[in-house]
Structure formats: structure tokens, C-alpha cells
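K.L.:
Just so you know, the protein sequences line up as chains A and X, in that order.
Using the working numbering, you'd call the opening residue of the first sequence number 1 and step up by one each time.
Using the working numbering, you'd call the opening residue of the second sequence number 1001 and step up by one each time.
Don't take each hint at face value.
[Said to hold, decoys possible] Below, simulated DSS-like cross-link-like pairs (lysine-lysine); rule was C-alpha separation at most 25 Å, straight line: (1) Lys1127(X) with Lys238(A); (2) Lys238(A) with Lys1134(X); (3) Lys490(A) with Lys1127(X); (4) Lys467(A) with Lys494(A).
[To be verified] Covered by chain A, according to a simulated footprint, are these stretches of chain X (three or more residues, beta-carbon under 8 Å): (5) 1111-1121; (6) 1133-1142.
Simulated from the structure, these hints should not be mistaken for lab results.
Heads up, the beta-carbon is just placed ideally off N, CA and C, and yes, glycines get one too.
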Amino acid sequence: MNVSVDPSSIGLSQARPITVAVLAMGGQGGGVLVDWIVALAERCGWYAQSTSVPGVAQRTGATIYYIEMIAPDAGKPDRYPVLSLMPAPGKVDIVIGAELMEAGRAILRGLVSPDRTSLIGSSHRSLAVIEKTAPGDGTADAAQVYEAANVAANRFIAFDMAEVADATGSVVSSVLFGALAGSGALPFMTEDFEATIRSAGVGVDASLRAFTAGRERAVAMLKQDPKIKPTAKPPLAKRFPRLEPIGHAGYDALVARARQMVPEPLHGIVAAGLQRVVDYQDLAYGREYLDRLETMPRDANGLMQAFAKYLAVAMAYDDVIRVADLKTRATRFDRVRREARAGDDQILGITEFFHPRIEEIAGLLPPSLGEKVERSERIARLVDRGRKLRTTAPTAFLMLYFVAGLRRFRRRTLRHTREMRHLDQWSQRVCKFAASDIALATAACEARRLVGGYSDTHSRGESKFDKVMQASERLAGRRDAAEWIQRLTKVALKDADGTELDGALRTIDTLFEDA
Amino acid sequence: MTQATQELVKRLLSNIVDPHTGQDLVAGGAVKGIGVDWVRQIDRTYDVAKVRDTLKEALTSPERGPKIIVASSECMLNKQRRVKPLVAAAAKRGERVVRERFGVDEDVCSGDHACIRLSGCPSLSVKPTSDPLKDNPVAAVDNTCVGCGHCGEVADAAVLCPSFYRADIVSNPTAFEARLDRIWRRVIGALQRWRAGRRIMFEQEAA
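Turn these sequences into a full structure, and let the hints guide you.
P.N.:
Written out as C-alpha cells, the structure reads:
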């Protein structure tokens, strides 16, 4: 027989602890935040206990910290509570995510429940590994987390705390601590929060500034509409140069010609392409760019847009000369100085990590000689070695400077011959498709985005691209040809080794089996 | 190996400082002492190519019995926590200190993310680019970089790409060093200006 026993009748306390879960990646300061919360509770005379289960830098998930805190039973001061070691779904009062997707993961784990959980998260993104490893753009959609959080949490507070931390010269954990205070989810006074930071004694002033800013934002947020919408920053806009004269006679002539060739909406992309190839090689190369553009039918803006873009990318392929050129520019030195946050009174040394293969060296030679060198294993062994070059020192700088100067001879190199052959095949194919199927021609242009990178990555990308091009030949004439090429390009960008692409290509095979 | 020797090996490999003598137990020698013949010691485990080659050797060499690789670099996060306050204090006192960090050249990076697939470093991420000719976000090293150099080593060992660089920032350089730096900067600057003058400059680059 089961009998329900009232716990208080046998002397058990009915009091319930306040439970807090903190999800953070290593280095995001989750540990500091947890220490503060525990110190805060203890400062106010409560019992508090914290545990943590570590994760590994988003490979296997974030570290989950868990805190339980409870006020002493005034009637029985000599009794100590027994607190739990891990969060139980549906029984967490406060969930703190040090980053937006961590907040999302807490929802997936069931830690956030609509009847009791205050969810506090920073809306900045620190991308997870699966988002970063996609060869294309694998960034997840933040709006989905907001949508889920608005439903799953009792209260949801989110803003870009990394930005606040930056502005106040502190770290995200201080801002989170402030947001926790502002949320009113803990029964402690603001002064107690501040005293906790002070007694921790590390970076007190900056932490307090960040804390106050975080608290004020949270308070303001709670006064507004309870459903928060993502304050997504607009994606970084592409900077299109203007297709206008710049006061250089040769270039301005090209601009005048381009303006006659393409309608206004295409000026941006054509200017970007033209500037890239002129910067890459010379004015004659810019002329060649326009010559090639001219071969496309002018009435199809979408096709022209795609062709103008990928033609420039294909013409300005990444070779040793280009890399050496970019690495030795003054603007680049300035940028590194800025990124490394080096002051004027500090000396900056820049070391490059190069690993040229025999292909890169042979690619610099005239075709006949280059092909011979490429086959020589002896030379390959000599070349194939990682090299660290200190560009800010004279020897390495002069070497790279010299290689960049080989630009003049680029047209006569093996690499150039090969690149141009590949480019010609592609542009002829696009032209051929354009005669009957503009959409397919456009898709064939856009598939060029598969080609990129250096060494093996480049070869893999090029082989994927070639596979897609072969498929386009087979598919040409079908009504859904363009859609298929778009689909193939999309799956090819999903993984590096092309497994998904091969799967999709097999599906295409079945299309022809039926026929 | 018996369980007792396994236990001993485990303890030796965790690089324990002997509590009585304060000496580092040299793990490699100790392992040899208990009868393991194939031992390799790597003191700079951030040398990815070397670690890879050593592992390959261990897996393919014909010797029988256990093979042991002693990989004994200090964790870079650990080192930074230990060293950072000391370095900051030294810089404040006016001593010469070098800070290292890594970076990616945005315009050299083609956005294929091969480096990230191999490295897995939390500081190595992607960022959007304003270049209208680039489709994918480019790789970027954020400010949590502790300068371990793993990304550059990986890019080198796997023959990935030349986008990575290491920046050494020297605070309080010596007078000689500073003078030399001024001279080289003047020379390099002149060469850069000479070439820039022969190139057509577009506005975004001038900005």
C-alpha cells in the first residue's frame, strides 16, 4: 500500500532551493561568474553549492555549471541542507547562456521551462565548430533561438553583452552578472552584487562598469514588450566600388567602355571585378576582362552579374605572385599592426607560414620547363618544406618583394596557361548554355564559387567544380537543369571531401536511367 | 606490461615533480628503465608535423612491444594564465617583453575553412567580409588568441594556405633593436612606396 507522507510531518523541510544553470564555453568566464554567484549567496547568509561538468570548446558542448542556493531555516540553525549536484529538466529557476547558441542548447536540454525559468543570454555569436567547418557559409539562424526562447522561457533577457563588455573594457561574465541582478530573479540587493565584485578584487572598476551597464539594460528590457526580437546586426554589407573615373587616363578609358557595355545595376560588380583584375595584373588585363564580358549576351542582367563576378575571381587566381604581392604591401603592414593592437612605440615583427609545393614553383616557370620540373621528384623533395619567413626583416621581405615583381612575366607562366585553359572551357560552356537556357548559364557561372583555396583544397574544389560542369552538360536541355546545378553547388559546399556531391550526382544518374 | 608497471608509467608520464627532491622526473629515461625500448620525447607538441610523423613512426615501425611517446608541452592556456600577469608587470617596469599572436590575412584567405576543419581552435573563427567578390566568410583569429601557433603549424603541416601570420609585438625594445627597426622600416617603406606609385590606386585601398 502506498501512503503519501507529508514531508513536514516527519521533520523534513519544505523549502525549495533557487537553482541556477550557467552554460559557457571555456574561456568565456563561466567559472568567474559562478564563483561570484556563490560568493553573493554566501555573503547574504545563504547556503550555496556549485558544480561543473566540462565540455570541450564546443566540440562536445559547453561547460555546464550548476548552482543551488537556499536560505538557512531560521527555526533550526544547526541543520544543513543537502543540495543537488546537477540540474534537472523542468526544475531550473535561472539559466544563463554566455553566448546565444548556448542559450539555445539549454532549451534543447530541457533546462528552460515556461513556468519558472528566467533565461538570460548574450546575443553575440561565438560560432560553433559545425558552423565554422562548412566550406561555404554554415552560420546558424539566430532568429530560431529567439523564437524558441520566447516560448520556452518564463522571462527572456538577451542583448549583445560582448559589445557592452568591449565598451566597458571588461568581459562578458561581468555583464551577465549585471543582467542577473537586473532580472530580479535573485532575492539579493544590487549593493550585495557590487560588494561581491569588489571583494573578489580583480579588475574591480571595469567589472563594476560592465555590471552596471548590464543591469541597466536588463531592467530596461523587462519594461518593454516581453517578446524579444533578434536585434540582428545587418549582415556586413558588400562594399561595391563605383564605376567612375579616378583620374588615371588608362583606367578611366576602361571605365568609359564598361559604362557603355553594362546597365546601371551592374556597375558595382563590374567595377569590383575590373579593379580586382587591374590590381592583380595590369591595364591590359582589365581590357581582357571587358573583352570577355562582352561575349556574354547583354540582355540578361542576372547572368551578367554572376559572370562579371566569377570571371574576375577566375582571372585573379591566387598564385605565389599574388600572395607575395599582398603580403608585402604597406596597407597590409598597417592592417596587421592594427589587428595585433601594437602601439607606435612597440616593434612589430611579422612571420609568414609558407609551404610551397613543387606545383607552385613549377607554376612560375614557362610551360615547357615547368612541366618538366613538376615531374622531378628530386626538386620536389628540395622544395616541399614548411618555410617561416619574417616579412618585416630585410632578407625575407626582399625575397617576397622580388616574387611579387614577377608579375610582369605572369602571362608566360605554366600556371597562367592552365588557369586560362580552364577559364576558357568554363566561359565557352556558359556562352553555349546562354543561347538556349539563361538560367542554366547563370547557375553554371555561380558554380565557380566551388573553386578556391590553395594546394589540395584548391584541387578538391576544382574537381568538384569539374564534376558539376560535367553534370551540366548532361542536364542541358532539361527544363530543371538550372535547378539541378544550383542544388549540386549547394551540396558541394556542405562538406570538404564531396561525399554529398557524389550522392547527388548518383541521383542524377537515376534521372537518365528512367529515360 | 603488468598492471603495476602500467601504473608506474602513467604516473611518470604525468610529469610529476618529485615532492621530496623537487626534481622533474625525466619520463623518457624512466620508461626506458622499466624496459620499454621505443621511446620518443617531444618537448614542443605544437610542432604538428613532428608529432604527426612521430605517431606515424610509432604505428608503422617494426619493433614489437609497447611504444611510448612522451609529449610534454605545457598547455598554452595554462602557460598564459601563469605568465600573463608576470609579463604585464615586466612591461610596466620597462623591461623588454614579446607578445605573440596569430592572424589571418583577410585578402589572402579564400574562405574555404580548411584550416578550421583541421584545427578546432576556439579562437579561430570566421567573419563576414565586405569584399563583393567573396562568397564565404573568411577565417579570422579573435582576441582570445594565446599565440600557441597551432593554426599556423597546421596550415603548414597540411600544406593548406599562406594566409596565416604570426605577429610578435615587442614592448620596451632595446635601443639597438629600435634603431635597427627604424632603418628597416625606412628601407621597406621606400620599396613599398615605389611599387605603390607604379600601381593604380583605388580608393578603398587608400582608405
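K.L.:
A separate judgement is required for each hint: does it hold in the structure or not?
P.N.:
Evaluation of the provided hints:
In summary, the hint linking Lys1127(X) to Lys238(A) is supported, as the alpha carbons are separated by about 13 Å, within the 25 Å threshold. The straight-line distance between the Cα atoms of Lys238(A) and Lys1134(X) is roughly 9 Å, inside the 25 Å bound, and the hint therefore holds. With a CA separation close to 20 Å, the supplied pair Lys490(A) and Lys1127(X) stays within the 25 Å bound. Note on Lys467(A) and Lys494(A): the hinted pairing holds, with a Cα-Cα distance of about 15 Å set against a maximum of 25 Å.
Check on the segment 1111-1121 of chain X: 8 of its residues sit with their Cβ under 8 Å from a Cβ of chain A, so the three-residue criterion for coverage holds. Requiring three or more residues with a Cβ within less than 8 Å of a Cβ of chain A, the coverage given for the segment 1133-1142 of chain X holds, as 4 such residues are present.
In the structure shown, no violation is registered for any of the earlier numbered hints.
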